[in-house]
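Visitor: Spelled out, the chains give:
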Amino acid sequence: MRHIMSPLDLTVEEMDRLMDLAADMEANPKKYAHVCDGLKLATLFYEPSTRTRMSFESAMLNMGGSIIGFHSASSSSATKGESVADTIRVAGCFADICAMRHPKEGAPMVAAEVSPIPVINAGDGGHQHPTQTLADLMTIRTLKGRLDHLTVGICGDLKFGRTVHSLISALVRYTGIRFILISPEELRVPSYVKEEVLNPAGTPYEEVIRLEDAIPKLDILYMTRVQKERFFNEDDYVRMKDFYILDEEKMKLAGPEMYVLHPLPRVNEISVQVDKDPRAAYFKQVHYGMYMREALMYTLLELGEDQ
Amino acid sequence: MRHIMSPLDLTVEEMDRLMDLAADMEANPKKYAHVCDGLKLATLFYEPSTRTRMSFESAMLNMGGSIIGFHSASSSSATKGESVADTIRVAGCFADICAMRHPKEGAPMVAAEVSPIPVINAGDGGHQHPTQTLADLMTIRTLKGRLDHLTVGICGDLKFGRTVHSLISALVRYTGIRFILISPEELRVPSYVKEEVLNPAGTPYEEVIRLEDAIPKLDILYMTRVQKERFFNEDDYVRMKDFYILDEEKMKLAGPEMYVLHPLPRVNEISVQVDKDPRAAYFKQVHYGMYMREALMYTLLELGEDQ
Amino acid sequence: MRHIMSPLDLTVEEMDRLMDLAADMEANPKKYAHVCDGLKLATLFYEPSTRTRMSFESAMLNMGGSIIGFHSASSSSATKGESVADTIRVAGCFADICAMRHPKEGAPMVAAEVSPIPVINAGDGGHQHPTQTLADLMTIRTLKGRLDHLTVGICGDLKFGRTVHSLISALVRYTGIRFILISPEELRVPSYVKEEVLNPAGTPYEEVIRLEDAIPKLDILYMTRVQKERFFNEDDYVRMKDFYILDEEKMKLAGPEMYVLHPLPRVNEISVQVDKDPRAAYFKQVHYGMYMREALMYTLLELGEDQ
Numbered sequence: 001m002r003h004i005m006s007p008l009d010l011t012v013e014e015m016d017r018l019m020d021l022a023a024d025m026e027a028n029p030k031k032y033a034h035v036c037d038g039l040k041l042a043t044l045f046y047e048p049s050t051r052t053r054m055s056f057e058s059a060m061l062n063m064g065g066s067i068i069g070f071h072s073a074s075s076s077s078a079t080k081g082e083s084v085a086d087t088i089r090v091a092g093c094f095a096d097i098c099a100m101r102h103p104k105e106g107a108p109m110v111a112a113e114v115s116p117i118p119v120i121n122a123g124d125g126g127h128q129h130p131t132q133t134l135a136d137l138m139t140i141r142t143l144k145g146r147l148d149h150l151t152v153g154i155c156g157d158l159k160f161g162r163t164v165h166s167l168i169s170a171l172v173r174y175t176g177i178r179f180i181l182i183s184p185e186e187l188r189v190p191s192y193v194k195e196e197v198l199n200p201a202g203t204p205y206e207e208v209i210r211l212e213d214a215i216p217k218l219d220i221l222y223m224t225r226v227q228k229e230r231f232f233n234e235d236d237y238v239r240m241k242d243f244y245i246l247d248e249e250k251m252k253l254a255g256p257e258m259y260v261l262h263p264l265p266r267v268n269e270i271s272v273q274v275d276k277d278p279r280a281a282y283f284k285q286v287h288y289g290m291y292m293r294e295a296l297m298y299t300l301l302e303l304g305e306d307q
Numbered sequence: 001m002r003h004i005m006s007p008l009d010l011t012v013e014e015m016d017r018l019m020d021l022a023a024d025m026e027a028n029p030k031k032y033a034h035v036c037d038g039l040k041l042a043t044l045f046y047e048p049s050t051r052t053r054m055s056f057e058s059a060m061l062n063m064g065g066s067i068i069g070f071h072s073a074s075s076s077s078a079t080k081g082e083s084v085a086d087t088i089r090v091a092g093c094f095a096d097i098c099a100m101r102h103p104k105e106g107a108p109m110v111a112a113e114v115s116p117i118p119v120i121n122a123g124d125g126g127h128q129h130p131t132q133t134l135a136d137l138m139t140i141r142t143l144k145g146r147l148d149h150l151t152v153g154i155c156g157d158l159k160f161g162r163t164v165h166s167l168i169s170a171l172v173r174y175t176g177i178r179f180i181l182i183s184p185e186e187l188r189v190p191s192y193v194k195e196e197v198l199n200p201a202g203t204p205y206e207e208v209i210r211l212e213d214a215i216p217k218l219d220i221l222y223m224t225r226v227q228k229e230r231f232f233n234e235d236d237y238v239r240m241k242d243f244y245i246l247d248e249e250k251m252k253l254a255g256p257e258m259y260v261l262h263p264l265p266r267v268n269e270i271s272v273q274v275d276k277d278p279r280a281a282y283f284k285q286v287h288y289g290m291y292m293r294e295a296l297m298y299t300l301l302e303l304g305e306d307q
Numbered sequence: 001m002r003h004i005m006s007p008l009d010l011t012v013e014e015m016d017r018l019m020d021l022a023a024d025m026e027a028n029p030k031k032y033a034h035v036c037d038g039l040k041l042a043t044l045f046y047e048p049s050t051r052t053r054m055s056f057e058s059a060m061l062n063m064g065g066s067i068i069g070f071h072s073a074s075s076s077s078a079t080k081g082e083s084v085a086d087t088i089r090v091a092g093c094f095a096d097i098c099a100m101r102h103p104k105e106g107a108p109m110v111a112a113e114v115s116p117i118p119v120i121n122a123g124d125g126g127h128q129h130p131t132q133t134l135a136d137l138m139t140i141r142t143l144k145g146r147l148d149h150l151t152v153g154i155c156g157d158l159k160f161g162r163t164v165h166s167l168i169s170a171l172v173r174y175t176g177i178r179f180i181l182i183s184p185e186e187l188r189v190p191s192y193v194k195e196e197v198l199n200p201a202g203t204p205y206e207e208v209i210r211l212e213d214a215i216p217k218l219d220i221l222y223m224t225r226v227q228k229e230r231f232f233n234e235d236d237y238v239r240m241k242d243f244y245i246l247d248e249e250k251m252k253l254a255g256p257e258m259y260v261l262h263p264l265p266r267v268n269e270i271s272v273q274v275d276k277d278p279r280a281a282y283f284k285q286v287h288y289g290m291y292m293r294e295a296l297m298y299t300l301l302e303l304g305e306d307q
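First to last, the protein sequences are chains A, B and C.
Numbering-wise, our numbering puts 59 at position 59 of the first sequence, and it's gapless, one number per residue.
Numbering-wise, our numbering puts 142 at position 142 of the second sequence, and it's gapless, one number per residue.
Numbering-wise, our numbering puts 28 at position 28 of the third sequence, and it's gapless, one number per residue.
Hints are supplied without guarantee of correctness; some may be wrong.
Because identical chains share one entry, a pair is satisfied inside a single copy or across any pair of copies.
Claimed, not checked - Straight-line distance between alpha carbons at most 20 Å, and here's what the computed EDC-like set of lysine to aspartate or glutamate pairs gives:
1. K228 with E82
2. K80 with D236
3. K80 with E47
4. K276 with D247
5. K284 with D96
6. K217 with E257
7. K276 with E113
8. K80 with E234
9. K159 with E105
10. K284 with E82
11. K159 with E206
12. K284 with E113
13. K250 with E207
14. K276 with E82
15. K228 with E47
16. K284 with D247
17. K80 with D235
18. K284 with E257
None of these hints come from the bench; they were simulated from the model.
Being a predicted model, the structure only gives us computed values, none of them experimental.
Hey, can you work out the whole structure from these sequences and the hints?
Guide: Okay, structure coming up:
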């Protein structure tokens, strides 16, 4: 039995197979409409995350399975002092696979150690969010036709954004990747990401301050939200949050196939005017994210052989 | 693609067809048990409304479909600053149709403007609640055999009650309707309802203070809750809330076929002793409401041709 | 139509039949995979109880049915002043059977009196929790092969624990049962349990203070949580909570077939080291609880004749 805690739990080959499978699920939904008949997904969400939860649930429903679970810590047994380890053992009596979201880093790992069913980390604090990365990769591969030889700009809060660190870790495994890291000095990628991920892989990167300077060179622009809750004080937040807003003007500097991604939810870091631009790909990410979660659950449930 | 924001989005003929369809669904549930196989309803409830939500969900389940969504703003992405427009675009990646409840007037309309899937307004603040009106009409038509030539009493909070305004708007389109509006002076129907709805339609109405004076003349008595949260101060609430309580004594003044409706939940405006009276129709409304929502979703999903 | 409010609503013969049915459901899941197609369970949970709710929901999903409902009072119509009686009448328009959890003793009984569908008490305050007792009995019968001629130790908070009182009431109906009641003096079984349950049945029992003294004599050890919220003050809680912790050392005093049960959630009253002991049966209880709920709903829905 296998759990997914980090995007790196999957090899490049496994990721490729997942993307192939997800593409087949998108193209032939009826083929998979009953592969999970009688199976159950437990969505154990210790903090709310509507989009991620609905994505997992939709993916399981697409395969004919059912859903049990909870949406927030207040409706979980955690309020009665139950440990994550006990909760997953209980859920394992009911369900066949689990997606766990938790505000504390490492909680899904604790669950995986004792779980009788496969556990997928659906986000643990500032740590990992592997299925977001799967959605990102699938979107890039579908729109650009490849995952190698790309110049990828990542913009916004690069210090605290877990999706950023996961994406960098996943992309350095492909050849010809080059990053332009766009952020205020205070929110730069942490040094451990440089020392443990970028440098060992030999992936070139540059750090820039202004989004305008980077845009013309990019194949992909990955925007992130400046999360208010990550800031130490209100002043810093107010000062920095509007630095990196993508609007129609900035989009004019970009090439005709520079796709814009964003893990969502966005607040105001991408102007709604950009939504109509054919290069805006952030809702496509949601679409592909569902199919990647479907492919991942299908694989972890070892349903391939039954087909 | 079509959205339903107000009961008036449907013509009288469309309403009639919906009621015919709902009656067929009630009579022949098996015929519709799989028409939504593989389809999903998103219940996006930014404020709790158990009855309305369960009604939509049951209606979709009756047709073989599935449910995703959230039950309150605290478990939605709204807490992270996501707009209603973005949330519906995300939900549209997962689901095939959406029922949206929101405390702010007009929010479902904002959603409908960008939504890739049909949106049904499941109540927006004090504004509209079209599926409640569909439930009301279906109940009246089933019990009285017609929607024209009726004297309809509406009692309680006529100022703030959105179900009241929606019902009046829908009924003035039928011939021979006459209203008796029963309320304290402070909670009378707003003047715009008179000037924009009742007078243009030429529908006669009278305003009375005492429920006892109206009851003997009525074919239908529509009771409403005096919602505490609508009052400016506690004193006003305490003074007025018990003015308009329907009990066994008052029911003795009514004709043998004067049915009592109420949008629920009730607090104490209808005595529980009235529940046993065969003229009490408020739980029948819940029953018919489910079938009207089922008929509405079936129609908006354009499933008719597949049959 | 029948409701289940207390474990004693079922005769010993009915309990035996339920356990036989549950065992068949566990052994032959496919036989029951569609017996509830088109049916709905309403889980009306006025206070959160993830484990019990997920157990009921899984049981209904195992039979092909669907779920509607709410997870806490804040997302119910109770916040708008709706009575339990009205809520069950509304739910009865949508669903075919109901599991109700409520913080107030007797609330499910109030619901049952007016309900158009079978109501199962899923826990009402400190009062009853019949499906927990069904899970307990099924676990004991499966592991020990019998429900008679057993020495049963019950340890922890015997004063406030509703599962303890329910279990005692159920077990005194079998022959050859003997209890050892292990608790601090302050948390002993209430006198009404002795006078109304144990003594009339002629069931022998002794009360002891130290878990070590009891363990060697036991066939079953039923551990319970010392619920912080039941204590009058923090000092009492702190002083007593660690008195009755089961660990590897104490397990060495027990016989090779002394199974340990616990209604869960546990906090620290059973050391996690005991989890690996083959005599630890508390997660098996969760497993059997699901099948007992499945058997109970199947029976209350009178599906037996359709087979």
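Visitor: For this structure, which hints from the list above don't hold up?
Guide: Violated hints: none; all satisfied.
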